[in-house]
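> Sequence:
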Amino acid sequence: MPPATTPSNRAKAEPKLSRPVQVAEAIKDWVVDQGLQAGDRLPGEAELIERFCMAKGTIREAMRILEAQGLIKTRTGPGGGSFVHEVSRQRAKALLGNYFYFKDLTIGDIYQLRLALEPELSASLAGKLDEDVLQQLESHLAEYSEPAATLEEERQQHVASLRFHAILAEHAGNPLLGFVIDFMVNLLTDLTVYRRLYSPPNLELWKQGRAHQIDLVKALRDGDADRARAIMTDHMQTAWTLMRGQEVEMRNRFISE
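FYI, in the numbering used here the residues of the sequence shown are 2 to 258.
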């Protein structure tokens, strides 16, 4: 049997952070403690050296790390310096996506979470969306009002139908829930495109998906939370089954080639 995990051997297993990384973390903690906001100026290099008792090279490397993470922005020239920077939603998704780049994610991995979260998002939005948002969703549905005539159209329609869910996520009252769902939509979009899960065309996937989305917009407009939850649950279960079939088809195609 493997030895029991203890705090001591757990610490040995975890790689020690380099000094610049430790300083970068300390600067982040200091920014939070000081209540600094996006756009606020950070102390100059000399003050950081004195404050954190580190060499110039270590401070500079720590600042490069923070800039690479998108947490600070450096400007040169008059009025220049280093400033606290808010990470954009798009950059955060890209950075998090890098973690999953070498993970062998499946359709099931993503839909398991979508099935747990998206019905609750839909219920929370029922009766809460402005009419212009509801009209935006309806206009978006018009982009794939007819079955695709070519494989390229099929790809575009897959991406557009997923964008419908990203629009909903943008209006989540819970920013964490909205971000997670938006991130999953982004992952699934990338997975669909680079694994060619839109091939061969799947008429049933288009038909069922669009019908669910049309019904969902009506439930959202009517303020029927239970109905919205039920529609999205059925939508996710149906899409999971049909997309799993696309995934199997892709793997069989890869083996035969």
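Since the hints were made in silico from the structure, they are not lab data. Hints are not guaranteed to be accurate.
[What the hints assert, rightly or not] Quick list of in silico lysine-lysine cross-link-like pairs, BS3-like style, CA-CA up to 27 angstroms:
1. 219 with 129
2. 29 with 17
3. 94 with 29
[Said to hold, decoys possible] Listed next, with one range per pair, are the computed distances between beta-carbon atoms:
4. 23 with 102: 21 to 29 angstroms
5. 71 with 148: 38 to 46 angstroms
6. 225 with 46: 52 to 60 angstroms
7. 195 with 45: 24 to 32 angstroms
8. 47 with 97: 33 to 41 angstroms
9. 91 with 129: 23 to 31 angstroms
10. 208 with 117: 41 to 49 angstroms
11. 172 with 215: 14 to 22 angstroms
12. 20 with 109: 37 to 45 angstroms
13. 131 with 18: 26 to 34 angstroms
14. 31 with 131: 39 to 47 angstroms
15. 150 with 171: 47 to 55 angstroms
16. 20 with 91: 28 to 36 angstroms
17. 174 with 79: 39 to 47 angstroms
Glycine included, each C-beta is placed from N, C-alpha and C at the ideal position.
> Please go over all the hints and tell whether each is borne out by the structure.
Structure-based check of each hint:
no.	hint	verdict
1	219 with 129	13 angstroms, holds
2	29 with 17	18 angstroms, holds
3	94 with 29	20 angstroms, holds
4	23 with 102: 21 to 29 angstroms	26 angstroms, holds
5	71 with 148: 38 to 46 angstroms	41 angstroms, holds
6	225 with 46: 52 to 60 angstroms	58 angstroms, holds
7	195 with 45: 24 to 32 angstroms	45 angstroms, violated
8	47 with 97: 33 to 41 angstroms	35 angstroms, holds
9	91 with 129: 23 to 31 angstroms	25 angstroms, holds
10	208 with 117: 41 to 49 angstroms	25 angstroms, violated
11	172 with 215: 14 to 22 angstroms	18 angstroms, holds
12	20 with 109: 37 to 45 angstroms	42 angstroms, holds
13	131 with 18: 26 to 34 angstroms	46 angstroms, violated
14	31 with 131: 39 to 47 angstroms	40 angstroms, holds
15	150 with 171: 47 to 55 angstroms	30 angstroms, violated
16	20 with 91: 28 to 36 angstroms	31 angstroms, holds
17	174 with 79: 39 to 47 angstroms	42 angstroms, holds
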